[in-house]
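Undergrad: Listed below are the residues making up each chain.
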Amino acid sequence: MTDGGFVRQFLDGLLKQWGVTNDLVTVLVYGAGMLLFATIVLLLWVAPLAGFTSYFERRIAARMQSRVGPNRVGPHGILQWIADGLKCLLKEDLIPREADAKLFKVAPYLVFFGMLGTFIVLPFSEWLVIADLDIGVFFLMAVTAFVAVGIIIAGWSSNNKWALLGGMRSAAQIVSYEIPSGLALLAVVLTAGTLSTQGIIRDQGWAPWQWNMFRTPFLFTAFFVYFISALAEINRAPFDLPEAESELVAGYNTEYSGMRFALFFLAEWADCYVISAVATMAFLGGWQIPPIVPEAARPLVQVLAFVAKSFFLIFVVIWVRWTLPRIRVDQMMELCWKYLVPIGFVNLLGTAAWVAFVPPNLGLATATSITLCVLAAAVVLYFVARVRYNLRATNAEVSLNPFV
Amino acid sequence: MQAVAEYVGNIRRSAGTILNGMAVTFSYMFRPPITTQYPDRTPKPITDMIPERYRGFLWVDLDICISCLLCERACPIDCIKIEDAKIDKILVTSAIDGKATPKIKDPTRFDINLYKCMYCALCVEPCPTGAIHFTKEFEGATPNLSDLHLRLVSPERKAKVMEAADEAAKKEAAKKAAKEAAAAAAAATAAPAAPATAPPPAPASDGAPPAGE
Numbered sequence: 000m001t002d003g004g005f006v007r008q009f010l011d012g013l014l015k016q017w018g019v020t021n022d023l024v025t026v027l028v029y030g031a032g033m034l035l036f037a038t039i040v041l042l043l044w045v046a047p048l049a050g051f052t053s054y055f056e057r058r059i060a061a062r063m064q065s066r067v068g069p070n071r072v073g074p075h076g077i078l079q080w081i082a083d084g085l086k087c088l089l090k091e092d093l094i095p096r097e098a099d100a101k102l103f104k105v106a107p108y109l110v111f112f113g114m115l116g117t118f119i120v121l122p123f124s125e126w127l128v129i130a131d132l133d134i135g136v137f138f139l140m141a142v143t144a145f146v147a148v149g150i151i152i153a154g155w156s157s158n159n160k161w162a163l164l165g166g167m168r169s170a171a172q173i174v175s176y177e178i179p180s181g182l183a184l185l186a187v188v189l190t191a192g193t194l195s196t197q198g199i200i201r202d203q204g205w206a207p208w209q210w211n212m213f214r215t216p217f218l219f220t221a222f223f224v225y226f227i228s229a230l231a232e233i234n235r236a237p238f239d240l241p242e243a244e245s246e247l248v249a250g251y252n253t254e255y256s257g258m259r260f261a262l263f264f265l266a267e268w269a270d271c272y273v274i275s276a277v278a279t280m281a282f283l284g285g286w287q288i289p290p291i292v293p294e295a296a297r298p299l300v301q302v303l304a305f306v307a308k309s310f311f312l313i314f315v316v317i318w319v320r321w322t323l324p325r326i327r328v329d330q331m332m333e334l335c336w337k338y339l340v341p342i343g344f345v346n347l348l349g350t351a352a353w354v355a356f357v358p359p360n361l362g363l364a365t366a367t368s369i370t371l372c373v374l375a376a377a378v379v380l381y382f383v384a385r386v387r388y389n390l391r392a393t394n395a396e397v398s399l400n401p402f403v
Numbered sequence: 000m001q002a003v004a005e006y007v008g009n010i011r012r013s014a015g016t017i018l019n020g021m022a023v024t025f026s027y028m029f030r031p032p033i034t035t036q037y038p039d040r041t042p043k044p045i046t047d048m049i050p051e052r053y054r055g056f057l058w059v060d061l062d063i064c065i066s067c068l069l070c071e072r073a074c075p076i077d078c079i080k081i082e083d084a085k086i087d088k089i090l091v092t093s094a095i096d097g098k099a100t101p102k103i104k105d106p107t108r109f110d111i112n113l114y115k116c117m118y119c120a121l122c123v124e125p126c127p128t129g130a131i132h133f134t135k136e137f138e139g140a141t142p143n144l145s146d147l148h149l150r151l152v153s154p155e156r157k158a159k160v161m162e163a164a165d166e167a168a169k170k171e172a173a174k175k176a177a178k179e180a181a182a183a184a185a186a187a188t189a190a191p192a193a194p195a196t197a198p199p200p201a202p203a204s205d206g207a208p209p210a211g212e
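Chains A and B are the protein sequences, given in the same order. Read in numbering that gives the first Met the number 0, the first sequence has 90 at position 91, and its numbers run on one by one without any break. Read in numbering that gives the first Met the number 0, the second sequence has 41 at position 42, and its numbers run on one by one without any break.
Chain B with its partners taken away, still in its complex shape (with noise of 0.2 Å):
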């Protein structure tokens, strides 16, 4: 009788499992699908989709980097290069809290490879303007490794800093020319004797910045 009971009692449970399972699949019919579809029917943009703070390509606002190479220095596997040219001083805004940077560098050369790469931000904090940043770009699928070398500074840019810095450095010379005269004509005036022990006068600069700077 107790076996009796057991077989039917398997059978009914077993359809009533069977049924309210079915409940809980069928239910699935009437609940839209939770699927992305990544990446060309996506409600909105996908950069629009990812996170806040998404750590994607780096990229470097050249306008406000003055170039202080603490990103190059910070990159545990040397992925930044940066060359520079000393240019005269401007102010630019930092994008981290608004306040008034000097600059006195403007990068000729940042590249970054993007192929090394970590992601690690270790640039991004040190930078006291904020000009290198993650992007919430990230799609770098490619079949030149080389695109994936970022070369920020173009041609055309970096002729333009040249020539900024050419005049700047004229400036400079003509300022010390100057200052240099206007000290001799003092120390002439002062002590017709002293030439002979005053300082040879600095040679006609050719742009490269002074050393020791």
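Only chain A is shown next, with the shape it has when bound in the complex (with noise of 0.2 Å):
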């Protein structure tokens, strides 16, 4: 496959098909064809994706309550996501009169491209990506920190104290955390040898010992740096200080009614498939699937593989959010400089001197990829110990329908 990805493969034949050479004509049809591949994008992805990881969190949520959760729209309630936003579609787009009625119109927007430019460079498969870009991580980091200018507009032009000091909480959780987060992709970076998405995940194989995280002990400890900093930087639980409801009412979003409040929870959830899918695309293998799989089968096979991995990941993140209470102000400072920074040097560093001096092909590679893996089984094995231990401990009824 050539650089450029799939929509630029297809311009540029539709460019030479119709004989345009000329500049302006390109970058415009470039830009048209851009804008459309990000509407359809948006249209049949982000939105579904976003509102069904809102049905996904709420059901979770509502199992490790011992609840019900949504379940009278549709099947189980799997359509609930359709009939919230179609609410919030309907409901008055209120702008309180003391409001900066401009910055507080635009924030949601700022939010809303933060998490949507992001899916330019993620992959699914093969493929399947809008433009794999030689600086796409980069430009991944790039692109998130507009959801940091979203969220201070929206808490300082509401002229609310609450929204402003969810706000300022959130520019300094984000400005802080993006240093660690960095940092651990850095490391992968620097192991595969380039930023381009596509690139790293080639790099990577579709056996476990072949991911990233059990490559290097340093990439086994940046794995769970990214992610915790990742979680920090879309305001997760239990990072989402910004929107406290405890403290704060709901932190920058407080004002907000209608669509714009909408954006911003879309944002959100579509940013917790943002951070697994980079998770996935970093340490998790990707979309690399067994060689073993018919040729045939192949794409579609490799996105199941990613968004199989992203939705485990989000899962993740969301039984973190159920189960964690959220940190004070200071803690959540202390954790990011006082730990995940240093860390995530020392990570920097013990990756660079790996791929300086221990050659690929050599035993010790292998030996420890496959220790890593061992001591990650160890410790699933461990976790399921005590999930068995907390069932029968408690005399529980064990049920095992996912659908009650």
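It should be emphasised that the hints constitute simulated quantities derived from the structure, not laboratory data. There are no misleading hints in this set.
To give an idea of the interface, some chain B residues facing chain A are shown, with a C-beta separation under 10 Å as derived from the structure:
{"id": "1", "residue": "Tyr6"}
{"id": "2", "residue": "Ala14"}
{"id": "3", "residue": "Leu18"}
{"id": "4", "residue": "Gly20"}
{"id": "5", "residue": "Ala22"}
{"id": "6", "residue": "Tyr27"}
{"id": "7", "residue": "Pro32"}
{"id": "8", "residue": "Ile33"}
In this text, all values refer to a predicted model and were calculated from it rather than measured experimentally. The beta carbon of each residue, even a glycine, is placed where N, CA and C say it ideally should be.
Given two chains presented individually in distinct reference frames, assemble the corresponding complex, making use of the accompanying hints.
TA: Shown next as structure tokens:
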């Protein structure tokens, strides 16, 4: 596959067919094509994805609290997100009199663009990516910063103390946690030798011991550093300080209503997918599948593998949210600057040393991968034992039916 | 050195406690929810699920109500209103102990203001036949407050009771008249001079219960 990805190839083919050589027309066609594809992606993937994630989260949260969750709209409530979206569309778009109306109106779009931009470089399969940019990971980090700007603007323009506090907290949090997450992704970039998202995935294999996560001990820790700081970056619990309900009403989106409010939440849930997909791409082998899969089925299986891994991570994000209590502002800063940033730097140096001194064909690399895999399996086994213990110790009635 | 040990210990402890905490929440994924999906997805009808002695709406079994007015007097907020008519004495079975209880009055009006009722059970306790009792019904949401004003005696039932009361009164009057006649006859045969001191005959009854009853 040539660089530029599916859309670029398609547009190039179109231009060649039309025999266009004019620069201006080329740029216009590229622009129109990108807009068209962005719309398609938005309609067919991002909005349903965010909606489904909201349903997924509410059901899982309910089960973890011995509740049922939304189960009325559609079979097992699966269409709940459509009802919620429609409700938000029909509600009044209220702008407070004292608010800075222009900024207030534009803020949700910035947050939304920060989320949507990442989908440009997020691959789904070997063939399915909007644009395989050479600076993929860098673009990812840069475009995510839009969210911080949007949230600060939302907090400021609301002209409300809770919103402003939420916005300021969010700014502090996102600026701080960009560093460890960037360091963790940089370790991956060092290993793969490329910033391109597709390049990073191609550098890994289908089996767990070929994934970046289990490649070196440094990348193993980098995964956790990335995951924790990504949680903080998208303001998910236990780092949901910017919208801490018990302290700040709803934080930066206190004053929002109707569709603008829905955009914030669409972005939040889509961001869940984004961080999970980035973690899948960088650490969990992305769309890599075993070579025994027949050629014809590969595109579909690759998409399925990628989405399945991402959804597992979304599940973990939700699971963490409903397990851990919110941390304090000082604890949040301490965790970042005292723990994640130093560990991130050690990871980076360690990975650099590993890349420089450990030849990939040597037995040491494979042995390390296998050892890390066994370690992870041991942790999983310990975890299963703990779950069993928890069920036994409380004499719980066990029900394996996921649809109650 | 101690600082390093503390630092590493902090990381280890956070990782361990988070893992354990997540095991607790994950175990709940395998437990059934305890939610009762009231009102439409309950495993059995909701009235079967609420306790035996639940204080729902008041209801009166008019067939065994002897119209003794004890409930009306017991009600601290006067939400019960009873009117009645005298009927022929019948025996009804008490719902409390199954004993036969004489009934000489039947209510022609038995109203309960459920929107005033505070479910204190002070009317239920004195009822000699267990006619007034709590049900397990509790769904009182209605657009009209007057829907909660229970009029337990239907017009048809009232008409029937009035008819029975009329009959009873006629019988009573006939009996009385017969008695009077018998007494008069006896008096006449015993002492022909006595009629001047005898009480005047009772006026023809129109169904109203005699005073002092």
